Amino acid sequence: MTTDISASKIDGIKKSVYTALWFMFLTFPIMVIKVNTIDNIIIWRWENMFFIGAGSFILSFIWRYMISKNEMKSEDSTGILQTFSEKITSEKKIYIPIIIAAAVFVIAFPFIFSMYNTNIMITALIYVMLGLGLNIVVGISGHLFLGYAAFYAAGAYTYALLNHHFDISFWFALPIGAAIGAVIGILLGFPVLRLKGDYLAIVTLGFGEIVRLILENWNDFSFGPSGIANIPRPPLFNLKLSLSEAIVYLYFIMVVLCIFTVFIIRRLEDSRIGRALVALREDETACQAMGIDKTKIKLTAFALGTTWAGMGGVLFAAKTTFVNPSSFTIWESIMVLCIVVLGGMGSIVGVIIGAMILILLPEYLRAFSEYRMIIFGIVLVLMMIFRPGGIVTSVRKNYKFELESK
Amino acid sequence: MKPSKEKILEVKKLTMDFGGLRAIDSFDLDICDKEIVALIGPNGAGKTTFFNCITGIYKPASGDIVINKNGKKERINGVRPNLITEKGFARTFQNIRLFGNMTVLENVMIGRHCRSKSSVAGAILRNKASIQEEKDIVNFSYNILKKIGLQNSVNELANNLPYGDQRRLEIARALATEPFLLLLDEPAAGMNPNETAELADLIKRIRDEEGISILLIEHDMKLVMKLSELIFVVDYGKKIAQGTPEEIKVNPNVIKAYLGEETNA
Ligand SMILES: Nc1ncnc2c1ncn2[C@@H]1O[C@H](COP(=O)(O)OP(=O)(O)OP(=O)(O)O)[C@@H](O)[C@H]1O
Ligand SMILES: [Mg+2]
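Each protein sequence line maps, in turn, to chains A and B.
Here this note's numbering is used: position 1 in the first sequence is 1, and no number is missing along the way.
Here this note's numbering is used: position 169 in the second sequence is 169, and no number is missing along the way.
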């Protein structure tokens, strides 16, 4: 029994090493070779290769560990937090005051705290939206997706370019950005339909980098590394808003949109489509045998997930008033993935908590921000071992039914 | 109940290769309406592969798989599994493949997927039609569970069910797709004699009450002999015998290839 487990561990390590080597090989041209066109020399950045190797090894190992943990039939880990959250959601006396308090806090937030804090909170809320979106792809339907930043970038550039060329306003750009996110999600979906696990991760990672490189190098289209500046903040009718007013306004837009996101995703989860997504995660073959069109449901999952990235991108552009490719690196994708995994795959509350922790903590613990990737790594590994379901594990719904006499 | 003699499935000269291995070799099989047919054979004979071919999971190398529904014939070689399910085949798996982290009820509700149609828009807008459909799905699924006898564990995770119940849940899930042919791959594997007897009852009831034809793979000879009207015996991918239980019991080929081995084991 124990030899069995250790054998599978060694097997897992081996596979992760292969994955790491693949990553190192694939990212070699991007990450290691840098051509300095001025001095006409090539800079070899070998240390990057090491980081890629180590990073992808750890990620792949975590992923495999999670899968094996899943397969070892979850022995119902009802932790303290679980019973606690159950209590909260089951008793009206407890949760109504909590909701009211939370609402008051959210509304009062920009007036209590400084502009700086409000700005950080807007960022956190954007990541909540991104996390909720990626959660559909990773947590609910079970596809390891690493190129999420590409869709985020697509949204941001949609607004930036539309505004630059055609003076399109924020409110029009928002749905367009979302739609473009969805369309690109479907387009990427087709070639990766057959891929799963690490392989899907590699391809989507590559896709993310390709998009970033296109933005960086196609000067006529995207204005290259210098990016696009002077993107307007969201307008409020025709009022002239001061900077701080504009930020408060954006904060409330963000709050409303996050609530909107939660609302939509909750409805999706509790529907025919949502159930099919979960079934797809659980067992693809059985899914098909039950009459679910795998292709269709997979593309639906991608589109539903990337829509929010597109929308988040528009909001990001409106917040920073400036976009350039360096905002959409692989770290962005990993960050969102960490939010989903840390918070709890498939759980909305979990993702919100995850986003708050991962975005706010480093902001306020500046001293640590140098080491934040390392700390993330350690935290994630610990999570996998002690609480593989994330901070908040998702709970299945109990349906009510009518007894039919038949 | 006398089975009417209309064929609902005709398989002709079906052949399936895995690289150099011929897993099914020119296999013929017919199933008539409301008939219980068994497919037996030693381990590795090709029974599961046969299921996988007719449910679209594998594309056979050659041969014809023709379904006959309401007098309309249709060749379904290489049609995708979900479409075959839509046409009215439903199956269970030898190695149970439930959606482990979904509840028992949800598992059955997934079976309703291909018989319902509310889309993403319906899910978000929750219009009247999609609310009604959702209600119907829940009630339909619950009633199937009641018939199968799993009504006491509707909200449990499928993973947490005892083994025998998991097997029955697979049948429930398959029934939710409203099939006219139910394919059961070793439904009694791992069950105790009591559970097996109940299962035999259940299978008979499904045929008698719902009018669903059944194709059964099973190693439990007692169950096979008790239930089936017609038995096909396969060995190394080839059909070595076909007939009623009485005929099969005394068929020398079968005794040599299958029952002989079974008694040794
Ligand atoms: N996907 C596959 N790739 C290669 N060979 C396969 C594959 N599936 C089955 N086989 C081979 O085909 C033959 C038939 O296998 P199959 O699973 O159909 O047997 P079976 O009759 O269902 O046996 P059992 O009673 O043990 O379930 C076996 O030799 C098996 O090794
Ligand atoms: Mg088999």
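Check each hint, because a few of them may be wrong.
Stated by the list, open to error - When the alpha-carbon atoms are kept at most 27 Å apart in a straight line, the in silico DSS-like pairs for lysine-lysine are as follows:
hint, chain 1, residue 1, chain 2, residue 2
1, B, K87, A, K296
2, B, K226, B, K7
3, A, K294, B, K239
4, A, K196, B, K128
5, A, K294, B, K256
6, A, K294, B, K135
7, B, K59, A, K294
8, B, K147, A, K397
9, B, K117, B, K69
10, A, K296, B, K128
11, B, K256, B, K222
12, A, K296, B, K146
13, B, K5, B, K226
14, A, K397, B, K135
15, B, K69, B, K128
16, A, K397, B, K128
17, B, K7, B, K135
18, B, K73, B, K7
19, A, K397, B, K117
20, B, K117, B, K204
21, B, K146, A, K397
22, B, K238, B, K222
23, A, K294, B, K5
24, B, K256, B, K226
25, A, K296, B, K135
26, A, K296, B, K7
27, B, K135, B, K73
28, B, K239, B, K222
29, B, K34, B, K256
30, B, K34, B, K226
No lab work stands behind these hints, which were simulated from the structure alone.
Bear in mind the structure is a predicted one, so any value in this text is a computation, not a measurement.
Consistency of the hints with the structure:
With a C-alpha separation of about 18 Å, the suggested pair K87 of chain B and K296 of chain A falls inside the 27 Å cut-off, and the hint holds. For the hint linking K226 of chain B to K7 of chain B, the alpha-carbon distance of about 22 Å falls within 27 Å, and the restraint holds. For the hint linking K294 of chain A to K239 of chain B, the alpha-carbon distance of about 34 Å lies beyond 27 Å, and the restraint is violated. Between K196 of chain A and K128 of chain B the CA atoms are separated by roughly 37 Å; this puts the pair beyond 27 Å, and the hint is violated.
Between K294 of chain A and K256 of chain B the CA atoms are separated by roughly 43 Å; this puts the pair beyond 27 Å, and the hint is violated. Taking the CA atoms of K294 of chain A and K135 of chain B, the gap is near 24 Å; set against the 27 Å cutoff, the hint holds. As the CA atoms of K59 of chain B and K294 of chain A are separated by approximately 17 Å, the hinted pair is consistent with the 27 Å bound. Simply put, K147 of chain B and K397 of chain A have alpha-carbon atoms about 22 Å apart, close enough for the 27 Å limit, and the pair holds.
Only pairs whose Cα atoms come within 27 Å are accepted, and K117 of chain B paired with K69 of chain B is accepted, the gap being roughly 23 Å. Distance restraint check for K296 of chain A and K128 of chain B: the Cα-Cα separation of roughly 24 Å lies within the 27 Å cut-off, and the hinted pair is therefore satisfied. Our distance criterion of 27 Å between C-alpha atoms is met by K256 of chain B and K222 of chain B, whose separation comes to about 18 Å. A distance of roughly 32 Å separates the Cα atoms of K296 of chain A and K146 of chain B; the hinted pair therefore is violated under the 27 Å criterion.
Proposed proximity of K5 of chain B and K226 of chain B is supported: the alpha carbons are some 21 Å apart, at most 27 Å. A C-alpha spacing of about 14 Å is found between K397 of chain A and K135 of chain B, which places the hinted pair at or below 27 Å, so the restraint holds. Under the criterion of a C-alpha separation no larger than 27 Å, the hint pairing K69 of chain B with K128 of chain B is inconsistent with the structure, at around 33 Å. Pair hint K397 of chain A plus K128 of chain B holds up; C-alpha atoms about 21 Å apart against a cutoff of 27 Å.
A C-alpha spacing of about 36 Å is found between K7 of chain B and K135 of chain B, which places the hinted pair above 27 Å, so the restraint is violated. Straight-line distance between C-alpha atoms of K73 of chain B and K7 of chain B comes to about 10 Å, which keeps the hinted pair within the 27 Å bound. Only pairs whose Cα atoms come within 27 Å are accepted, and K397 of chain A paired with K117 of chain B is accepted, the gap being roughly 21 Å. Taking the CA atoms of K117 of chain B and K204 of chain B, the gap is near 31 Å; set against the 27 Å cutoff, the hint is violated.
A threshold of 27 Å between alpha carbons decides the hint, and for K146 of chain B with K397 of chain A the separation of about 19 Å falls inside it, so the pair holds. A hinted pair counts as satisfied when its Cα atoms are at most 27 Å apart, and K238 of chain B with K222 of chain B qualifies at roughly 23 Å. A distance of roughly 36 Å separates the Cα atoms of K294 of chain A and K5 of chain B; the hinted pair therefore is violated under the 27 Å criterion. Taking the CA atoms of K256 of chain B and K226 of chain B, the gap is about 21 Å. The hint holds against a cut of 27 Å.
Between the alpha carbons of K296 of chain A and K135 of chain B the distance comes to roughly 24 Å, so the proposed pair stays at or under 27 Å and holds. Of the supplied pair hints, the one linking K296 of chain A and K7 of chain B is violated, its CA atoms being roughly 33 Å apart against a limit of 27 Å. Restraint check for K135 of chain B and K73 of chain B: the C-alpha separation of about 34 Å exceeds 27 Å, so the hint is violated. For a cut-off of 27 Å, the pair hint linking K239 of chain B to K222 of chain B stands: about 21 Å separates their Cα positions.
Proximity of K34 of chain B to K256 of chain B is assessed by CA-CA distance (about 31 Å); at most 27 Å being required, the pair is judged violated. This hinted pair checks out: K34 of chain B and K226 of chain B have alpha carbons roughly 16 Å apart, not beyond 27 Å.
When held up to the earlier numbered hints, the structure conflicts with 3, 4, 5, 12, 15, 17, 20, 23, 26, 27, 29 and fits the remainder.
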